[in-house]
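Q: Taken in order, these protein sequences are the chains called D and L. Its first residue numbered 526, the first sequence is counted upward by one per residue in this note's numbering. Its first residue numbered 3, the second sequence is counted upward by one per residue in this note's numbering.
FYI, nobody ran anything at the bench for these hints, they're computed from the structure. Think of the CB as a built atom: it goes at the ideal place given N, C-alpha and C, for glycine as much as any other residue. Errors might be hidden in some of the hints.
As the list claims (entries may be wrong) - With a straight-line Cα cutoff of 30 Å, these simulated DSSO-like cross-link-like pairs (lysine-lysine) come out:
1) Lys810(D) with Lys167(L)
2) Lys167(L) with Lys17(L)
3) Lys243(L) with Lys810(D)
4) Lys6(L) with Lys821(D)
5) Lys810(D) with Lys17(L)
6) Lys77(L) with Lys96(L)
7) Lys152(L) with Lys77(L)
As the list claims (entries may be wrong) - Partial list, computed: chain D residues near chain L (C-beta under 10 Å):
8) Gln607
9) Asn608
10) Gly650
11) Ala651
12) Gly653
What the hints assert, rightly or not - Simulated coverage check for chain D against chain L, where a stretch passes if three residues somewhere in it have a Cβ under 8 Å from a Cβ of chain L:
13) 557–564
14) 763–775
This is what each chain is made of:
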Amino acid sequence: MGPVVKKTKAATEVTIAGLKFKNPVMTASGTFGYGAEFAPYMDLGRLGGIVVKGLSLYPRQGNPGPRIAETPCGMLNAIGLQNVGVDDFIERKLPLVRNAGTHIIANIFGETVEDYMEVARRLDGAEGVSALEVNISCPNVKKGGIVFGTDPQEAFKVVSAVRKSTSLPVITKLSPNVTDIKVMVRAAEDGGTDAVSLINTITGMVIDVERRRPVLATATGGLSGPAIRPIAVRMVWQAAQAASVPVIGMGGIMSARDALEFIIAGATAVQVGTASFIEPDAAVKVAEGLEEYLSKNETTVQDLIGSLRTA
Amino acid sequence: MEIKAEIIHNDSMAKGYFKLGLACAVPEVRPGQFVMLRVSDGLDPLLRRPFGIYRTLGQTRGRTLGTRGSSSKSKGIEVLYRVVGKGTAILSGKRPGETLGVLGPLGNGFPDRAEGSNPVLVAGGMGIAPLYLLARRLGEGTLLFGARSKAETFLLKDFRGLGLKIKTATEDGSAGIKGLVTGLLENELTPESIVYACGPVGMLKAAAAISGKAGARCLVSLERSMACGIGVCLGCAVRAKAHKEEKENRFYKMVCSDGPVFPGEEIDWDLL
Ligand SMILES: Cc1cc2nc3c(=O)[nH]c(=O)nc-3n(C[C@H](O)[C@H](O)[C@H](O)COP(=O)(O)OP(=O)(O)OC[C@H]3O[C@@H](n4cnc5c(N)ncnc54)[C@H](O)[C@@H]3O)c2cc1C
Ligand SMILES: Cc1cc2nc3c(=O)[nH]c(=O)nc-3n(C[C@H](O)[C@H](O)[C@H](O)COP(=O)(O)O)c2cc1C
Ligand code: FES
């Protein structure tokens, strides 16, 4: 019964908020620098997109060390959102990748709603930015540090404020540290988001039992890597059921098979994060593996999205 | 560069210490640079492990005549390591013929020596590994080696005959003087000295302080847990003293991409 595969369109092509992606594999924010750092290891043009390190209104120094700790099949990080700031990004980092032949997506965050709006405004006219990804897993300093992404009202406020500040497509990056992800999907949609991406890292902790101290200087950090993948797949599946906008899935993707889990669960595209630390060209390998799977099974990404059989 | 390298040898040197030879053509290596090794293709341990490049293997060194085209390339690298945990334990079980993912050479290594300076190398235990290529290049000066006991002095074997004076300090007095290697340093320094140090943080901090007092330059090679090794995860940060003239005014430096070698006075040792 399957429809005839259109020969004019690549089997890997997907569209999100009017943007065409040659393949559904992007790199995740904070795991791929500002893009150019990886040019020695691969052809960046093989990627569906690059999501750059989270950008704030002013440069941020980040947290004291130790900032990372390895965990079984994963890692904890508490980088503290160190970044060069939005102006420096536009001036010095963006020119290095704007002609790389892939979508550049700017991940943004702030400590107040006004911060988010201003960062969004500054990126609006920047040549070479295809979309914004709004990281709402940040504390709102004006609201006593309550994390935007764990409170539907706060999430709605920040998404609608960004929506009004830019003409670019807006992707809202959801936090997994919530009881019901569907509520957060709806809040982001009500705010006017064009897509949602998930999951960000899951809060975790490791303790050095000899010193009886946390290993990370900040005590807790964000868990990423294959250890979180089953949680991520579950949340993407739930989000996709609730969402009317496209879902971008991530969390522990190391291979094309991992990426396929997310797509079958309902993701239109995926992001590869921690894997790029281990193999710099991991995302390209995922894209290649996906192509192989599609040609072997004579299907398209479009046909696989949300194709999970539950009966 | 990311490649799969065949293991040439992985020999035990002493209990818990190994010498690993990897067949991989590497471009020119600067003393003090490192590689990230993938000790397992599985998911646990997940991250690569950083190791200093001990030396390059199979360099032509005048034995081959004729074309010089590929003379800066070597056939492999050697790494010295001590088993301290899961990753190094797995590594110690690898056999010749097996392959290993190698990313590198990475980092900036030691800068070229200033003219007319008197080099003093300070090594604490396994910290001696990244100093071998440097010692060979310098061919003069003094090597101060600190260890817990005589059992670790086998690490000095390759350094004999390179043209450096060697002095040893052990904590238990079983070889050389009894005490810390930094005790030896005080008597070696002149304002023209340049100190190259690698070892535990306490030793590096003391070496930087002693050098500073003597008016000598001190370069330290730092270690931090790493995820990427290429400056993108921002996980290996160390606290540096803020520079007013720097536009970004960063007070964190990345050990992997800004270092691992830093001028001792750049590091904020109290907030490290
Ligand atoms: C630039 C650089 C160069 C290095 N060169 C060498 C070398 O030439 N030879 C060598 O033997 N080792 C070297 N190291 C240290 C080496 O990376 C660690 O010993 C190794 O990562 C430990 O892995 P593991 O899985 O065995 O230990 P884990 O199970 O990860 O940890 C076991 C113990 O080792 C400590 N440890 C873990 N990582 C490091 C680290 N990076 N530095 C210090 N202690 C650590 C942990 O705190 C823990 O107490 C270097 C480290 C860096 C950053
Ligand atoms: C070191 C590190 C830094 C990160 N920085 C950011 C960031 O700046 N903004 C953001 O939205 N997500 C950030 N993330 C989260 C990742 O983009 C991703 O959501 C998460 O790591 C799960 O994917 P993974 O398991 O494939 O890494 C970071 C993750 C890591 C490991
Ligand atoms: S290890 Fe990733 S930035 Fe240094």
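Q: Minimum Cβ distance from glycine 650(D) to chain L below 10 Å?
A: 23 Å, violated
Q: With a C-beta cutoff of 8 Å, work out whether three or more residues of the region 763–775 of chain D approach chain L closely enough for the coverage to hold.
A: violated (count 0)
Q: With a cut-off of 30 Å on the C-alpha distance, tell me whether lysine 167(L) and lysine 17(L) pass.
A: With Cα atoms ~27 Å apart, lysine 167(L) and lysine 17(L) stay inside 30 Å; holds.
Q: Between lysine 77(L) and lysine 96(L), does the CA-CA distance stay at or below 30 Å?
A: 20 Å, holds
Q: Check whether the Cα positions of lysine 810(D) and lysine 167(L) lie no farther apart than 30 Å.
A: 51 Å, violated
Q: Is the interface hint satisfied for glycine 653(D)? The criterion is a beta-carbon contact with chain L at less than 10 Å.
A: Result: violated, 20 Å to nearest chain L Cβ.
Q: Taken at face value, is the distance from the CA of lysine 17(L) to the CA of lysine 810(D) at most 30 Å?
A: 40 Å, violated
Q: For the hint on glutamine 607(D), just tell me whether its beta-carbon gets within less than 10 Å of chain L.
A: Because about 5 Å separates glutamine 607(D) from the closest Cβ in chain L, which is inside the 10 Å limit, the hint holds.
Q: Check the hint pairing lysine 6(L) with lysine 821(D) against an upper bound of 30 Å on the C-alpha distance.
A: Holds - the C-alpha atoms of lysine 821(D) and lysine 6(L) are around 28 Å apart, at most 30 Å.
Q: For the restraint on alanine 651(D), tell me whether the closest CB of chain L is nearer than 10 Å.
A: 19 Å, violated
Q: Run the distance test for lysine 152(L) versus lysine 77(L): straight-line Cα separation, threshold 30 Å.
A: Violated. Lysine 152(L) to lysine 77(L) sits at ~33 Å, over the 30 Å cutoff.
Q: Would the hint on asparagine 608(D) be counted as holding, given a Cβ-Cβ threshold of 10 Å to chain L?
A: Holds. Min distance 9 Å.
The structure is inconsistent with the numbered hints 1, 3, 5, 7, 10, 11, 12, 14, although it conforms to all the rest.
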